[in-house]
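Undergrad: Next come the chains, spelled out residue by residue.
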Amino acid sequence: MSAGTSSREESTDDTGPPPSPAITPAAAPGRASRRQRATLAAYGFLAPNLVLLGVFLFLPLAWAFLISFQESNGFGASGWVGLDNYRRLVTDPTFWRSALNTATFTLLTVPLSLALGLGLAVLMNSVLPGRRLFRTLIYLPMVISGVATALMGVLLFDEATGIINKLLRGGGLAGIPWQSQGSAAFASIILVTLWIRVGFNMVIYLAGLQGISPELYEAARLEGATSWQQFRYLTVPLVGPSTFFLLIMDVIYSFQIFDTIFVMTGGGPGRSTSVLVTYAYENGFVTRDQSYAAAIGIVIFLLTLSFTAIQWRGNRSRDTVG
Amino acid sequence: MTISRRQILGGAGFLAAAAALNGCSGFSGGGNSDSGEGGDNTLTFTTWGSPAEEEGFKRGIAAFEGANSGVKVELNLVPYEQIFQNIDAQLQAGTAPDLFRVDYGTIGAYSSQDQLLDLSSYFDTAAGEEFLPAMWQAVQFDDKPYGVPHQTDTSALVYRTDLFEQAGITSVPDSLDSAWTWDEFRQVAEQLRGSLPDDLYPFVYNWQLGGSTRWLSWLFQAGGRLFNDDLTGSAIESDAGTKALSFTQGFFTDGLVPPSSSVKSSTYADGAFSAGTTAMAFVGNFVLPSLDEAVTDFEWSATYLPRDERGACDLGGNALVATKNARNPDLAADFLKFMTQPEQMSDFCARAMELPTLNSLVGTKLDYQTRPDIAGIFVEQATTLEPGDVEQLTAPAMATINPKLRDELEAAFTQGQPVGKTLANIAAAVDGAAG
Numbered sequence: 001m002s003a004g005t006s007s008r009e010e011s012t013d014d015t016g017p018p019p020s021p022a023i024t025p026a027a028a029p030g031r032a033s034r035r036q037r038a039t040l041a042a043y044g045f046l047a048p049n050l051v052l053l054g055v056f057l058f059l060p061l062a063w064a065f066l067i068s069f070q071e072s073n074g075f076g077a078s079g080w081v082g083l084d085n086y087r088r089l090v091t092d093p094t095f096w097r098s099a100l101n102t103a104t105f106t107l108l109t110v111p112l113s114l115a116l117g118l119g120l121a122v123l124m125n126s127v128l129p130g131r132r133l134f135r136t137l138i139y140l141p142m143v144i145s146g147v148a149t150a151l152m153g154v155l156l157f158d159e160a161t162g163i164i165n166k167l168l169r170g171g172g173l174a175g176i177p178w179q180s181q182g183s184a185a186f187a188s189i190i191l192v193t194l195w196i197r198v199g200f201n202m203v204i205y206l207a208g209l210q211g212i213s214p215e216l217y218e219a220a221r222l223e224g225a226t227s228w229q230q231f232r233y234l235t236v237p238l239v240g241p242s243t244f245f246l247l248i249m250d251v252i253y254s255f256q257i258f259d260t261i262f263v264m265t266g267g268g269p270g271r272s273t274s275v276l277v278t279y280a281y282e283n284g285f286v287t288r289d290q291s292y293a294a295a296i297g298i299v300i301f302l303l304t305l306s307f308t309a310i311q312w313r314g315n316r317s318r319d320t321v322g
Numbered sequence: 001m002t003i004s005r006r007q008i009l010g011g012a013g014f015l016a017a018a019a020a021l022n023g024c025s026g027f028s029g030g031g032n033s034d035s036g037e038g039g040d041n042t043l044t045f046t047t048w049g050s051p052a053e054e055e056g057f058k059r060g061i062a063a064f065e066g067a068n069s070g071v072k073v074e075l076n077l078v079p080y081e082q083i084f085q086n087i088d089a090q091l092q093a094g095t096a097p098d099l100f101r102v103d104y105g106t107i108g109a110y111s112s113q114d115q116l117l118d119l120s121s122y123f124d125t126a127a128g129e130e131f132l133p134a135m136w137q138a139v140q141f142d143d144k145p146y147g148v149p150h151q152t153d154t155s156a157l158v159y160r161t162d163l164f165e166q167a168g169i170t171s172v173p174d175s176l177d178s179a180w181t182w183d184e185f186r187q188v189a190e191q192l193r194g195s196l197p198d199d200l201y202p203f204v205y206n207w208q209l210g211g212s213t214r215w216l217s218w219l220f221q222a223g224g225r226l227f228n229d230d231l232t233g234s235a236i237e238s239d240a241g242t243k244a245l246s247f248t249q250g251f252f253t254d255g256l257v258p259p260s261s262s263v264k265s266s267t268y269a270d271g272a273f274s275a276g277t278t279a280m281a282f283v284g285n286f287v288l289p290s291l292d293e294a295v296t297d298f299e300w301s302a303t304y305l306p307r308d309e310r311g312a313c314d315l316g317g318n319a320l321v322a323t324k325n326a327r328n329p330d331l332a333a334d335f336l337k338f339m340t341q342p343e344q345m346s347d348f349c350a351r352a353m354e355l356p357t358l359n360s361l362v363g364t365k366l367d368y369q370t371r372p373d374i375a376g377i378f379v380e381q382a383t384t385l386e387p388g389d390v391e392q393l394t395a396p397a398m399a400t401i402n403p404k405l406r407d408e409l410e411a412a413f414t415q416g417q418p419v420g421k422t423l424a425n426i427a428a429a430v431d432g433a434a435g
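These protein sequence lines are chains E and F, in that order.
If you count the first sequence from 1, position 18 lands on 18 in UniProt numbering, and the numbers rise without skipping.
If you count the second sequence from 1, position 237 lands on 237 in UniProt numbering, and the numbers rise without skipping.
Just chain F, with the same shape it has in the complex (with noise of 0.2 Å):
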């Protein structure tokens, strides 16, 4: 067969146009174009999770669908490092999904920039009363619920049982009431650091990766504040600021902690506590799953955070919201009422090992699958979090201040910036993003 050479170009002419279409259609989230597939009973959800979540959310979906006929919700399921940047572009291009899972440190960033749907004509104020207070605060812009907390989570401190005999550590706060002082902590580290080899440090803390936020607990701890009363500007150069940035920089400068788990560090302080190279690590109640099945050569155990003038813990977890542009703003409200009810959420959080956020629970012994004789322990932890605490993790200006407060921690930890220096440039930071 003789091909022309016009048949040739129109081949390629064809060829180009069916790629530059496909190209096109990888532009598409699949979401809430009007025309896209499934029509309006259909959902499009977005998430990261571990699998134990992944297993809570298609249970729960599963349930969802059987109690409404004809109801169909697609699970799209992406690593958490990469969704909000993927949110964001469907987003701005129109073809963000119906509804997306965030973390309480993130959703003031959509909320104040009018990109979710407003939940007031939904939940009423007795619906929003059936959820702890600091949750229910956590979801909210001007006054208004942009979201449910669908969970929360916060850290607690392990530790290796093993290497607390060697070093002759004996006692250990087994309540709230009785968690060590930063004093006594201190005092534990470096009786942990005189026992143990060089390369084995006496703990390790979760403020990698994006955690950052997770170093205002220290903060929270010595009564100090980010932000002012009114979160119009920033208050942390005070000497609570200093008393926290100070105790903090120590574990760098006394070889507390690995000099390679500062904030820009790219392994989590739990991979360093499952290898073996911590005796205690601050660590989420999330990552006790993959804990419990990744350490195997020791024994370790669990207890409360470190207290100063008061006691306080991070902000973890997320809330489920619906984007503005919803094709079915109903059923999106409806998928949200569901996935936070008293069964479905309690299903879930002792399915992933992490803490309800429905007063209703709160009391309940969840059936956690994972280390439920620790589990207890999170959960008392996460009532030292005060509503001003969230109110200043929560704050739409954290997304810009995030970065700055990495950075400057980095500085003052691994680059010896004076702490004056470091407080100063966030509270730089905080004036220029809340102002």
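Next comes chain E alone, as it looks inside the complex (with noise of 0.2 Å):
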């Protein structure tokens, strides 16, 4: 999470004018110098981030894509079995379980956390009473660690002990089987999920909104748009880049689900919460099969690259809007 928050940060960073380098009349062979120099400073920046990709992402990945062609013994990888491990895949109902969960869980996470985030936004944006306070308030689980924020969630959603199913409970309703029951322990996910992730969302939405001239609101106004109207018509479209933002952010989140997941159920109650990472974790870590592990990471890296590249193709222009 940590990661990615701070790769957002600094893409929230790049809404300025692009840096112009001051290019002034002047002989062809100074201009080259120049420009090579330009050149060289620029490497100079990257380099830093550069090296720490390399070493800390690139190399594992390529190291992860290289064990999964292996077989594990419990300790590192031996042996060459090809595409074994990714055959094993197509066949294995728990990996497609834990497919069909990590998609289901996307497609409700996603759009809600989206239209969560914005309209918290909206709200935050407007004149309210204490809204530091309150946008505060929404962020604070963005900032603390997973495996807490999932800890707070087994305290609201424990179903013999949590907070809910006692106020349930107190008010003569039934508890609700957070945790013996599929779909209910899917719901649980889901919401602390939300929790987490809408804060972020607001803020995301609440730097685009502020972004946009009061003047198209007062236009609007005059002709007589109505407040439905003035968000269908002008916020919405107009926050389009943070949307293009939001989606690609979030749905790598959502593909990458972990610690709240295996705090919160264990995959659990079945395989009814199970996803693809909480699979990879127990191949990796408890069962010590590895290779196996590193071919499902592949394909959470690969499913993940190709919805990017998706989104970044179909909405290119939508980043050149507002």
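Just so you know, the hints here were simulated from the structure itself, not pulled from any lab data.
From the three backbone atoms N, C-alpha and C, an ideal C-beta is built for every residue, glycine too.
Don't take every hint at face value.
[Stated by the list, open to error] Partner residues aside, some chain F positions facing chain E, computed with beta carbon under 7 Å:
{"hint": "1", "residue": "GLN85"}
{"hint": "2", "residue": "ASN86"}
{"hint": "3", "residue": "SER266"}
{"hint": "4", "residue": "ALA411"}
Two chains, two frames, some hints: make the complex.
TA: Here is the structure:
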């Protein structure tokens, strides 16, 4: 999460005009030399990030790719098995169940967290008493460790001793089987995820909203547009770049969901909340079959990459709107 | 002061190098690399532990350092939930600690993969005979010891006296011989079910969060086995296997346990008991200190586990092991010997409410610090563990079988998976791992 957050923050910083080196008319050799120096300077600034990315991202990724073609003996990989781990994936019902759960989780959490984030951003952008406090409170789960927020989720959703069921029983209602019934367990994971996620979406949307000129709304009001029409035909299109950015980040986040599920349900009951990352973890660190876990990891990577590429191609123009 | 672009770039490069080096240092376990700190007179020891265990380890280490001038033992305490992931990564990176603590069910995963120090030359036959035979067997692989049994623990049944009285249960077994039969236990559970409100349950079993092998106690009690006699395949598809699984599946279908207390539950059994949501709980003796502290609003006591064809219990507890590449194997072996001396072991076990593994301590009365009135029940219960049970519970294949066992039990308990199919799936997992 933290790595993802920092990369997002870097991206949001990139909203200002691109730095344009002051090019002054000069003789061709001088210009070339200047350009070379500028290029060198650019690489100099990029180098620290490139080194870190290379060592801690691309190298492990390539390593995982290699391991996925080998077999595990419990401590490291040994022996080349070609595509066996990938063939095993195709016939593994738990993998397919986990993939289906991951897709369902993504389809439910991404639109909901986008919609709630935008709704809250609009609210927090308006004249609301104590809005700074509310903004902080909504963003707070994002800055707490994922495991800690999941443990809070356990306090809320524990079937026997959780706060929610106690309140329900106190009100004369039946408790909800948050841990023993698949769909309720899945719902509890989604609710906690939204609680964690909405704050980040709200902040990004808030930044987008504050970049919209108030004159546009004034003009719309003069034309007789209702609040809903202003929201639908002004706000939603003008926060398009934010939506595009958040869509990609939220989908990546949802594909990589782990800590919340690991702490709250352990993938159960049955396999009802098992997702690809928890299944990879089980294989890699519980069964110690690291090659099979690496193969699952590569599948997650390829799925995420494909989705991002499709989004990138399909939404390229939106990046320039607003 | 003007800072030139060259200076900025130089500074950025330096920071990047520093960050990269810092990142690399994050992989080190402070363990047995040649350049590790402390030299040959320092041992690194990684363990998890309750506060009482932590205190016990610190006292043992202080005594060892006192007895060996110039020697230092660096204690590294990590949460149980992540210790083996850390150890695995450190073993693969060559930065593992010299010593670590491991449960009997996991030791085979390390000894069979040649990751541990062979202690044959440090513990001869006579030294091995000082330990309880079942516990000494638990640390063997290929007839060689790869660790020392430091302590053991097992489960017994704790119960709320107020809810028992309310349900009219007046007789509770007070000896191993008079332990409830399965039928009697079931009758008690049903009697409680009839007297308790819907949101309170008769009992909760401690098979959550990696404890799924505790289900095997039921299998053993029914006279069944998980493995065949030579541990090369499964033996669970039997009348005993069917009986044990049907009986335990009935806990869920008949509402005798909380529906959320299956093997994938994220909360432990003792938590449900101390929260007052169950009348009985199967718990290990090591939770007695925390239970004693947490339960303030009702009286509770303990009795023996139910029995069927025979009595049986789970193999809890842990061994201490040295890694194969320990910097100073002789010193590491000395530490293992020291920590399993009667004086050290009795102090540790009494403090942490655990059971000793030395023959010489079994008959003695340890100075248990918490609930000494019920500690003896756990000590007696541990005697129902047979060498054949230990042999199966510590088989190297168990590391692979455990997750499958957990999945299948979960499917049977919460998803209604039929008994026959569940046993067949467990048998396939055993055959695949042991064959």
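Undergrad: All the hints need checking, so say for each whether the structure fits it.
TA: Here is what the structure says about each hint:
Interface hint at GLN85 of chain F: satisfied, since its Cβ lies 5 Å from the closest Cβ of chain E, which is below the 7 Å cut-off. Violation of the interface hint for ASN86 of chain F is found here, the shortest Cβ-Cβ separation to chain E being roughly 10 Å, above the 7 Å cut-off. Interface restraint check: SER266 of chain F against chain E, minimum CB-CB distance 6 Å, threshold 7 Å, status holds. Look at ALA411 of chain F: its Cβ gets to within about 6 Å of chain E, closer than 7 Å, so that hint holds up.
Checked against the numbered hints above, the structure breaks only hint 2 and satisfies the rest.
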